[in-house]
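Participant: Listed below are the residues making up each chain.
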Amino acid sequence: GENVEQHPSTLSVQEGDSAVIKCTYSDSASNYFPWYKQELGKGPQLIIDIRSNVGEKKDQRIAVTLNKTAKHFSLHITETQPEDSAVYFCAASYTGRRALTFGSGTRLQVQP
Amino acid sequence: GAVVSQHPSWVICKSGTSVKIECRSLDFQATTMFWYRQFPKQSLMLMATSNEGSKATYEQGVEKDKFLINHASLTLSTLTVTSAHPEDSSFYICSAADLKNTEAFFGQGTRLTVV
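In order, the protein sequences belong to chains V and C. Going by my numbering, the first sequence opens with residue 1, and the numbers climb by one from there. Going by my numbering, the second sequence opens with residue 1001, and the numbers climb by one from there.
Calculated directly from the structure, the hints in this document are not laboratory data. What you are looking at is a predicted structure, and each value in this text was computed from that prediction instead of being measured. Check each hint, because a few of them may be wrong.
Stated by the list, open to error - Below, computed lysine-lysine pairings styled on DSBU-like, alpha-carbon distance capped at 30 Å:
1. Lys68/V / Lys22/V
2. Lys1064/C / Lys42/V
3. Lys22/V / Lys71/V
4. Lys1055/C / Lys42/V
5. Lys1064/C / Lys1041/C
6. Lys57/V / Lys22/V
7. Lys1100/C / Lys1064/C
8. Lys1100/C / Lys1020/C
9. Lys57/V / Lys1041/C
10. Lys37/V / Lys1041/C
11. Lys68/V / Lys57/V
12. Lys68/V / Lys1100/C
13. Lys57/V / Lys1100/C
14. Lys71/V / Lys1100/C
15. Lys1020/C / Lys1041/C
16. Lys1055/C / Lys1014/C
17. Lys1020/C / Lys37/V
18. Lys1100/C / Lys22/V
19. Lys42/V / Lys1066/C
Next comes chain V alone, as it looks inside the complex (with noise of 0.2 Å):
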């Protein structure tokens, strides 16, 4: 089965600085990934996503870019609030397949 490794596992920036998370897949056949939020005592939400067909995708201060070749995606967070400080999990699945394989996790902390 897929399985999806996520890096750095904790993450400190100072506010407006730019944080990257880094994860790689292994499965050839996944097309949809995902990035996630979650905060303290809540469910994950959805960010941004990205799908195979594409390299990069960008929605004001975020973006994701995706290597195929590499099976490997980033997140991308530019100018970082405190308010960015929560877990993000990226994710991996495939068409015919809508459940999603995560990452590890990585703890963003935004020092103001």
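Could you slot chain C onto chain V? The hints should help.
Facilitator: Frame of chain V; chain C shown alone:
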């Protein structure tokens, strides 16, 4: 995005009792629902997938007789933790998907504590 409502948000029960958790899709028909479990400071692990009107498919290592899943309608799935024990204490999260979208929408989670 679509709304998935999970109830209760937290529950405390005594060891040996059963607990039911509901997952509802409020504004779309969920042909497929997923149940995940998340232990503290860990990732979400898929427990089972259920399609409306059919039996759930459980992931390896998940006891189907302990975690009963019912998906009787296109808007409601339930997870019943039977004969709960302290090691079942966890955060249970459902997600729901319709036929149109790849994206599955998540509920807010249920914190189960077994004492």
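Participant: Could you check the structure against the hints above and give me the numbers of any it violates, in ascending order?
Facilitator: Those not satisfied: there are none.
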